[in-house]
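Trainee: Taken in sequence, the protein lines are chains A, B and C.
Take my numbering: the last position of the first sequence gets the number 657, and nothing is skipped along the way.
Take my numbering: the last position of the second sequence gets the number 1102, and nothing is skipped along the way.
Take my numbering: the last position of the third sequence gets the number 2186, and nothing is skipped along the way.
Simulated from the structure, these hints should not be mistaken for laboratory data.
Glycine included, every Cβ here is placed at the ideal spot set by N, Cα and C.
Some hints could be false.
[Unchecked claim] Think about it this way: if two alpha-carbon atoms lie no more than 25 Å apart in a straight line, the pair counts; the simulated SDA-like pairs of lysine to any residue are:
hint: 1; chain 1: B; residue 1: K1090; chain 2: C; residue 2: K2155
hint: 2; chain 1: C; residue 1: K2182; chain 2: B; residue 2: V1085
hint: 3; chain 1: B; residue 1: K1090; chain 2: C; residue 2: L2080
hint: 4; chain 1: A; residue 1: K65; chain 2: A; residue 2: A216
hint: 5; chain 1: B; residue 1: K1026; chain 2: C; residue 2: I2084
hint: 6; chain 1: A; residue 1: K556; chain 2: A; residue 2: L541
hint: 7; chain 1: C; residue 1: K2182; chain 2: B; residue 2: Y1086
hint: 8; chain 1: A; residue 1: K82; chain 2: A; residue 2: I155
hint: 9; chain 1: C; residue 1: K2155; chain 2: B; residue 2: S1080
hint: 10; chain 1: A; residue 1: K213; chain 2: A; residue 2: K556
hint: 11; chain 1: B; residue 1: K1026; chain 2: C; residue 2: A2103
hint: 12; chain 1: C; residue 1: K2105; chain 2: A; residue 2: W552
hint: 13; chain 1: B; residue 1: K1088; chain 2: C; residue 2: F2085
hint: 14; chain 1: C; residue 1: K2105; chain 2: A; residue 2: N635
hint: 15; chain 1: A; residue 1: K405; chain 2: A; residue 2: K558
hint: 16; chain 1: B; residue 1: K1026; chain 2: C; residue 2: I2179
hint: 17; chain 1: C; residue 1: K2125; chain 2: A; residue 2: G646
hint: 18; chain 1: B; residue 1: K1026; chain 2: C; residue 2: K2105
hint: 19; chain 1: B; residue 1: K1090; chain 2: C; residue 2: L2089
hint: 20; chain 1: C; residue 1: K2105; chain 2: A; residue 2: G646
hint: 21; chain 1: C; residue 1: K2105; chain 2: B; residue 2: V1042
hint: 22; chain 1: B; residue 1: K1090; chain 2: A; residue 2: K65
hint: 23; chain 1: C; residue 1: K2125; chain 2: B; residue 2: F1046
hint: 24; chain 1: B; residue 1: K1026; chain 2: C; residue 2: K2155
hint: 25; chain 1: C; residue 1: K2105; chain 2: C; residue 2: G2115
hint: 26; chain 1: C; residue 1: K2125; chain 2: B; residue 2: A1006
hint: 27; chain 1: C; residue 1: K2105; chain 2: A; residue 2: V631
hint: 28; chain 1: B; residue 1: K1090; chain 2: C; residue 2: I2084
hint: 29; chain 1: C; residue 1: K2040; chain 2: B; residue 2: A1006
hint: 30; chain 1: C; residue 1: K2105; chain 2: A; residue 2: L636
[Said to hold, decoys possible] Pair ranges (Cβ atoms, derived):
hint: 31; chain 1: A; residue 1: D611; chain 2: C; residue 2: T2039; range: 57 to 65 Å
hint: 32; chain 1: C; residue 1: G2152; chain 2: B; residue 2: L1053; range: 20 to 28 Å
hint: 33; chain 1: A; residue 1: G646; chain 2: C; residue 2: L2013; range: 35 to 43 Å
[Stated by the list, open to error] Below, a sample of chain C positions facing chain A; criterion: calculated Cβ distance under 8 Å:
hint: 34; residue: G2109
hint: 35; residue: S2111
hint: 36; residue: A2114
hint: 37; residue: F2118
hint: 38; residue: T2122
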Amino acid sequence: METITNLSPIILALPFLMFLFLGLCGNKLFKSNPNIAGWIGTAGLSVVAIVSYYIAIQYFWVEGKGADAYQQFVLFNHEWLKMTDNLVISIGFMLDPISAMMLVVISTVSLMVHIYSLGYMHGEEGFQRYYAVLSLFTFAMMGLVVATNIFQMYIFWELVGVSSFLLISFYFIKPSAVAAAKKAFIVTRFADMFFLIGILILSYYTNTFDFLKLTAVSDGHATLVNNTMCGEMFMGLSVTSIAMFLIFLGGAGKSAMFPFHIWLPDAMEGPTPASALIHAATMVVAGVFLVARMFPVYFFEAHDVLTIIGYIGAFTSLFAAIIACTQTDIKRVLAFSTISQIAYMFVALAVSGYTSEHEACLGYTASMWHLFTHAMFKACLFLGAGCIIHAVHSNEMNAMGNLRKFMPIAHITFGISCLAIAGILPFSGFYSKDEILVAAFEHDKVLYACQAFVAGLTAFYMFRLYFRIFWYSENPAHAHHTPHEAPMNMNIPLIVLSVFTCYSFFNLVSNDSYQLFSSKITADRVGFELETNWTIAIASLLVAGVGIAIAWVLYKEKNDKPDMIAGKVKCLYISASHRFYIDEIYLFITRKIIFGGICVAIAWFDRHIIDGFMNLLAWISRELSYDIRDVQSGNLQQYAWGFLVGVLAIAMFAIYY
Amino acid sequence: MIPVEAYLVVSTLLFFIGVYGFLVRKNLIGILMAVELILNAVNINFVVFNRFLYPDHLEGYIYSLFVIVVAAAETAIAISIIINVYRKLKDVRVDSINELKN
Amino acid sequence: MAEYLTSIDFAGLFTADNIVFFILSAVILVCGFMSVASTKLLRAATYLFFTLFAVAGLYLTLSYEFIAAVQLSVYAGGILVLLIFAIMLVKNLGTDTETISYANKTIAGLSALAGTVFAFITMSKFRFIPSEEANDAAAMVDMEMVGQTLMGTDKYQYLLAFEAVSILLLACIVGSIVIATKSKED
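If we strip away everything but chain A, and leave its shape as in the complex, we get (with noise of 0.2 Å):
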């Protein structure tokens, strides 16, 4: 224990000096090898994996068992701004199941892509400061799953926005790439807002911001805010449900969730393994990290919440994956795909139920299992498109088809990503989307057909992008420029990722292996033994089977049946390819209902009312202020007789008054 208290400061501290050294002297020290700053880089974030990876070992298998459940640690708490005597701003470290989990996921990934980026961001100009800020945006990510309070995590969440923001623009010159930055940042910043207020008004009945104290349960209430607002009313609504969900709001910027998925698809202006690392495997989780956090809030006492983070959960997968089918740039569709399968996460959220007994929470381990294995492969697929792209100089479809030729390590860790995310027996991402499904199955059977729907989709279009990228008839251009295998520091990446994907090739044999997320990562962290519900399993492998299959026919070899089909839709494929206008209908929103009718009211208003009457007072104190001057005439007589009447006057009044 007192091992793990001395190392969890480094995980926070190491990067943060990382990003200090690299950002600050990065560009003066290692002007002529810059490469020298990306290993120093990675050689510190190694560092930081594995401590990370010795902590979360220690508390899953030594110290975290309790005599039931999982305990949850705060290895350090250092008050950091009081506000009251009880509402304190603290920066800590909080030990428990799910931010345990969350240290593997972020190292593993971003440790991946730190070593890809050695190849990929070879000879960018600004390694060093790509590097600083991959650094910066660890530490945030480190800092938002470790933190012991809420607002500790609204800083962090703002971090990592603010990195997220500086890797979006990585490419500045690119106006696509400001512009992109600048929409990311907005729209997840107004997302953070309502996150704010509710930050605020929680912490407003509670009087506290602490993680330990708002999620103690006893007796089926999460009792602090049980005792504090309960009845609590405001417009018809409960207080508790209003803070609550816009919290959710928060997370729902962050994590993409409609209506405020509009900037993923453009964060993808940035490097590759930028959007690997935050745009796919952890930043866009926070919002279900955070639901996750605060579960036993929005479980006991913000149900309806829970149920409508459900519908929206159901709807975005839904709606992102149907883009996704229409989509042509690659990172788009994964961007997509990423999207529909964060609202995966919320959905088993929704749907999950508190305590371990009878599987009830099954939701909430789906939810995380899931997150972690979609980090994994969804990173793996992200930097395999890397090298694709590095490959052919393109980031559209048509520029592509036929390399597994010419890129075999690529083509298989790419598959076998495809195979894991399309819910494939046995690679991971079958066991967290069947418990998804099981969990959806039993508690709601709208949101299980959805979600059914959408696993078949989502098996579509990622093998429709495996074919047109690996198989399809072979693109003419790559006569005279032969795409070629990735190097060595790209491809060790791909091949650790698929193996993270493939471990769970043993759940086959070992029931220790199945178990090991249902043992250790539950809402009420105690624990089940999950039994497989092969009925839904086998329904979803057919769905699956029956999603590549269609893909295979329409996409093996070129033919004109996509043509054909999105002509017989073509409403919808044209609507779908431009992203159901959503970007349009919040152009039409900001630039002429706001921007164009609000604001010109509110700037004539501004303008004419509020500096019209400042200029008013100026005018009248300068009209004054020349009629007095003469009274500073300079003349000492003058003043003496002011003197003398002012001497009588006070006498006066003092003597007869």
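Following the hints, put chains B and C in place on chain A, whose structure we already have.
Mentor: Chains B and C alone, transformed into the frame defined by chain A:
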């Protein structure tokens, strides 16, 4: 026995004669003389009050001594300033000493 | 005011004390006024001299010989001589005449008059009751008592003020020398 009020009438008139002089004189030395009149009027008051109201102490007495001393000091300084001003500006009228005004 | 006038004993008006007082007051007021009204500064200084002299006389009628002596020596002997020196040193001022506008004179005069009226009204509202011992007006204040008061440290004794004034005088001597000395560039 001359009543207190008679002295006070004299000192009041002298005081306001001094004030009048202070207000109308243009010449710095003239103003200084008006100030002397004012100080004398005050001194008369001090002495008279001391004499008639508290003859067993000497507060007013000592006070007027101090006033005389301070007046002497003030005059000495004022005159050296006036001489210096005259040397620099060749003029000692208050309304024309306005070098700092512009 | 009416009460005040009726209280005056007209029969006893022409005692020696009263005559002396009237003469001195007349000198004070007339010469005082002349010293502010005279257009020639040297004349004004001369009128001021008479005024100061008469004030000293007033002190004598109150049996305060020491302060009368100080008045004569410091004011008449010191300050006035200084003033006359200054008038002489500043070119042409001895004969220079001042012209003061009537508007200025009127405003200043009315202000002073208003102040005088105010002071008189106030005075008439209050009675000044002389203490019993004040009737021993003839009793001189002996120098020993003055000395004790100036140099003592008890209640109603003013050593500290005396020392403060001595420092003031020292500073004033040094200061006036510094100010009046011609600087080299002049």
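Trainee: For a C-alpha distance cap of 25 Å, please report whether C/K2105 and A/V631 respect it.
Mentor: Holds, at about 20 Å.
Trainee: Given the hint that C/K2105 pairs with A/W552, test it: the Cα-Cα distance must not exceed 25 Å.
Mentor: Judged against 25 Å, a Cα distance of about 115 Å means the pair is violated.
Trainee: For B/K1088 and C/F2085, compute the direct alpha-carbon distance and say whether it is at most 25 Å.
Mentor: Holds, at roughly 18 Å.
Trainee: C/K2125 and B/F1046 were given as a pair; does the straight-line alpha-carbon distance stay at or below 25 Å?
Mentor: Holds - the C-alpha atoms of B/F1046 and C/K2125 are around 20 Å apart, at most 25 Å.
Trainee: Please verify whether A/K556 and A/L541 have alpha carbons no more than 25 Å apart.
Mentor: 21 Å, holds
Trainee: May I ask you to test the hint 35 to 43 Å on the CB atoms belonging to A/G646 and C/L2013?
Mentor: 40 Å, holds
Trainee: Between C/K2105 and A/L636, is the straight-line Cα distance small enough, at 25 Å or below?
Mentor: Status holds; Cα separation ~15 Å.
Trainee: Would you mind confirming whether the straight-line C-alpha gap from A/K65 to A/A216 stays at or under 25 Å?
Mentor: 18 Å, holds
Trainee: Regarding the pair C/K2105 and A/N635, is the alpha-carbon distance no greater than 25 Å?
Mentor: Answer holds: C/K2105 to A/N635 is near 16 Å, not above 25 Å.
Trainee: Just to be careful, I want the Cα atoms of A/K405 and A/K558 compared with a cutoff of 25 Å; is the pair within it?
Mentor: The given pair, whose Cα atoms are some 17 Å apart, holds under the 25 Å limit.
Trainee: B/K1090 and C/L2080: Cα distance at most 25 Å?
Mentor: 23 Å, holds
Trainee: Is C/K2040 within 25 Å of B/A1006, Cα to Cα?
Mentor: Measuring from Cα to Cα gives roughly 31 Å; hence the hint is violated.
Checked against the numbered hints above, the structure violates hints 1, 9, 10, 12, 22, 24, 29, 34; every other hint is satisfied.
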